[in-house]
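Engineer: Taking the hints into account, I'd like the entire structure generated from these sequences.
Just remember that the working numbering sits 53 ahead of the position in the sequence shown, which is counted from 1.
Below, a list of computed lysine-lysine pairs in the BS3-like style, where the Cα atoms sit at most 25 Å apart:
1. Lys238 - Lys210
2. Lys252 - Lys202
3. Lys238 - Lys202
So the derived label-pair ranges between C-beta atoms look like this:
4. Ser94 - Ser66: 35 to 45 Å
5. Arg221 - Glu297: 13 to 23 Å
6. Phe251 - Pro183: 30 to 40 Å
7. Glu297 - Glu230: 12 to 22 Å
8. Phe251 - Glu297: 17 to 27 Å
The set of hints was computed from the structure by calculation and includes no laboratory data.
Using N, Cα and C, we set each Cβ at its ideal position, and we do this for glycine too.
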Amino acid sequence: MLDRLNDQFRDVSINDWKLIISLLIVANSVAIASLGWLVASRRAPGRPSLEARVMAQVPPTRTPLPTFTSTPTPPPSPSPTNTLVPTFTPTPTDTPTITPTPTDIPTNTPQPTVVQGPAATSTPIPTPTPDVDFVVSVRQMTACENEGKHHLFIYVKDTNGQGMPGVRLRVSWDGGEAPMMTGDKVHIDPGFVDFAMFKGAYSVQVLGYSSQIAGPITPDIPRDELCEETGNAVANSLFHYSYEIIFQKVR
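Structural biologist: Next up, the structure:
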């Protein structure tokens, strides 16, 4: 810091120094003159006058305290009374009366006149005589009836619906055939015989008689069927379908 002051002093010119010293001399002269005047005008204090001593002994007058006046509190304003707003009642709108569209009155259709004549004699329609000895019916068995089997269950019945044992049948398929005969499972039915199928299509007919042919019948059905009674989800499924075939003798 001293070095910076020295640098600043070195920058002051001779004329500036002369001016500064002159101002300092004038200021000191004024200060000394003022101090002398104050010393000369000051004097020692004299004895106080009688009036001053008497006034000094007079007791001071008591200043009365101000009186506070309480400001009355205004009474509380009454609470406003709620004014009921009337409820808007909509004016009923007249419902337009729907005029029914007139419909055409149906015209009575004239009935044909029946000419009375001699009583007609009804002629019974003759029942056609089948041209075969056995007619056949085929039924696909349900999932719960089948339970995963793949068979032909064949029944041969006489005109009274009784099973006929000893009747020869033929089951054929593409590239082969197999002879069958009823009566080997009399505990089921005397006219019953069964045959296990595999892939392909099969046909069945009665031999020794004129007969309708059952078929073609196939187990190749790509569909799964559930038996709800047993919970078997594939009771009927691909290659596992069975059929009931009944040959009924009609003459």
